[in-house]
Amino acid sequence: MSPLLSVQGISASYGEAQVLRNVSLDVAAGEVVTLVGRNGAGKTTLLRCLMGLHRPTAGTITLDGADITGLPTHRRARRGLGLVPDDRGIFASLSVEENLRLPPGVNESAWSMDRVYESFPVLKERRRFPGTKLSGGEQQMLAIARVLRMGARLLLCDEPTEGLSPVLVHQIGDILRDVKAAGVTVLLVEQNVRFASTVADRHYLLAQGRVAQTLDNAEVKEREHELLEYLGI
Amino acid sequence: MTDLLQHAFNGLVNGSFYALLALGLAVIFGMLGVVNFAHGAFYMLGAFGAFILLNEAGVNFWLALVIVPVVLGLFGMGLERLLVRRLVALDPLYNFLLTFGLTLIFQDLLRMKYGSQPQPYPQPAGLRGTVDLGLFDFPAYQVFVLVFSVLVSLGAWLLLARTRVGMIIRAATERPELTRALGIDVGRWVSPVFGFGIALAALSGVLAAPMRAVSPLMGADLIILVFAVVVIGGLGSIFGSVAAGFLIGMLQALGNVYVPGLATTSVFILMAVVLLWRPAGLFGREETAV
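Note that the protein sequences, when read in sequence, are chains A and B. Position one of the first sequence corresponds to residue 2 (our numbering), numbered consecutively onward. Position one of the second sequence corresponds to residue -8 (our numbering), numbered consecutively onward.
These are calculated hints, taken from the structure and not from any lab test. Keep in mind that the hints are not guaranteed to be accurate.
Stated by the list, open to error - Simulated crosslink set (SDA-like; lysine to any residue; CA at most 25 Å straight-line):
(1) A:Lys134 - B:Arg269
(2) A:Lys181 - A:His171
(3) A:Lys125 - A:Ala182
(4) A:Lys134 - A:Glu109
(5) A:Lys125 - B:Gly157
(6) A:Lys125 - B:Arg155
(7) A:Lys134 - B:Arg76
(8) A:Lys134 - B:Val156
(9) A:Lys125 - B:Arg153
(10) A:Lys181 - A:Gly31
(11) A:Lys134 - B:Glu47
(12) A:Lys134 - B:Phe274
(13) A:Lys134 - B:Phe139
(14) A:Lys134 - A:Glu99
Using the sequences plus the hints, can you model the full thing?
Below, the structure written as structure tokens:
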């Protein structure tokens, strides 16, 4: 079976600085895959290239067998790419409910508002609040719920646990496992390798814009100390 | 006391023009990041539109109030597609220069044909007398301008606050990239929003024609003041621009009575104070890093 997402030889730069060098990776439907790496390794840039927010200098991106490398951002979203940005990207001028309703439903797997509120009761309670009046953990839930409501088949999550307390990190882990159980594929950028190994199936280690290694969960557990040291945590 | 109320009322009427112009500037700035220097020129074109329609084709005020904003709004959309769009990716100064250049062109084209002399435009039949507002009599036309502007501002606010299009505009104003990443074709809304802002400027121009003489330079002085209004209200804040418009109209009128020498300067003093106290403007949102 061909993978849901296939990245072949992507390179990207900001001005003179090359950030990604010939990166290739595959994500199969239903998998949770992480990108681990130090700050500046190119993880966020890779997500931006996938979403069409940054133009790669070389390489192709294939979603479901179709080349989407040149597709405008909003058309990628309509094909099921759901971005959860590293700052959560909650609109301050929109209420919680408006944040959820903003993206159009793009396919039949788009969650209904009822389903969203059933899975995230706290969002229902706060639906009239301005989006940014929520706590960090609630904003993270809102960002994930928002793309599920759109009908995302592949979640691109950029460091969802960053800055959250251990309890909330645990909760985000539960949410991601639920998301996976619902059949959604996840590409997760994460520095917290211990957390990553509890939710993901496989891991790509990014270093200096290249895929340095691919690891499975057993390898991550075995080499946790080495990895933590490498990541500088 | 009645004197004071009378001045306050005149201030609100002047504020109506500030509010409508600032509203248009604010939505254009919010959606495109463009400071439209030509906004005053479109106000002037609005007034001339009404003037030309009346004198060349006998079209009355009420029809002009509909035709002129629609035509100039469409013209604005064309302008956005043809010129403004090409410069959006560059330094904002380029579009500032473009719209400044357009202003000079529009002004001179009309000056060539009609000269610099202010031209009169008759008040529409039915709004010529005064209305008794209890305490005093007011010119009926001024009362109409105030009520009409409040209704238009309210309509624009409802459109932005309550409709799906309004939601998209608010989102795209705040974070255009993310809005696109959520499946919305933001580019599709840019031209209509620009046209809408221009139509509001044209509408205030038509409204101004019977009150103020029509002349090629009528927008030039106004625009600087409206920039101050937008800054005081909070850049990109729709509600703020309207509220600040009426507030400053009042302030200016009352200032005119008590400290005549400072009437215009007071607006810029207020702007400086607001910027020191709340750098994002009275109703602006501070950028918060989450």
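Consistency of the hints with the structure:
1. Between the alpha carbons of lysine 134 of chain A and arginine 269 of chain B the distance comes to roughly 20 Å, so the proposed pair stays at or under 25 Å and holds.
2. In summary, the hint linking lysine 181 of chain A to histidine 171 of chain A is supported, as the alpha carbons are separated by about 15 Å, within the 25 Å threshold.
3. Between lysine 125 of chain A and alanine 182 of chain A the CA atoms are separated by roughly 22 Å; this keeps the pair inside 25 Å, and the hint holds.
4. Note on lysine 134 of chain A and glutamate 109 of chain A: the hinted pairing is violated, with a Cα-Cα distance of about 31 Å set against a maximum of 25 Å.
5. This hinted pair checks out: lysine 125 of chain A and glycine 157 of chain B have alpha carbons roughly 22 Å apart, not beyond 25 Å.
6. Only pairs whose Cα atoms come within 25 Å are accepted, and lysine 125 of chain A paired with arginine 155 of chain B is accepted, the gap being roughly 20 Å.
7. Under the criterion of a C-alpha separation no larger than 25 Å, the hint pairing lysine 134 of chain A with arginine 76 of chain B is inconsistent with the structure, at around 35 Å.
8. Restraint check for lysine 134 of chain A and valine 156 of chain B: the C-alpha separation of about 23 Å stays at or below 25 Å, so the hint holds.
9. For a cut-off of 25 Å, the pair hint linking lysine 125 of chain A to arginine 153 of chain B stands: about 19 Å separates their Cα positions.
10. A C-alpha spacing of about 6 Å is found between lysine 181 of chain A and glycine 31 of chain A, which places the hinted pair at or below 25 Å, so the restraint holds.
11. Distance hint between lysine 134 of chain A and glutamate 47 of chain B is unfulfilled; the C-alpha atoms sit about 57 Å from each other, more than 25 Å.
12. Proximity of lysine 134 of chain A to phenylalanine 274 of chain B is assessed by CA-CA distance (about 17 Å); at most 25 Å being required, the pair is judged to hold.
13. For a cut-off of 25 Å, the pair hint linking lysine 134 of chain A to phenylalanine 139 of chain B is broken: about 36 Å separates their Cα positions.
14. Distance hint between lysine 134 of chain A and glutamate 99 of chain A is fulfilled; the C-alpha atoms sit about 14 Å from each other, no more than 25 Å.
Comparing the model with each earlier hint shows violations of hints 4, 7, 11, 13; every other hint is respected.
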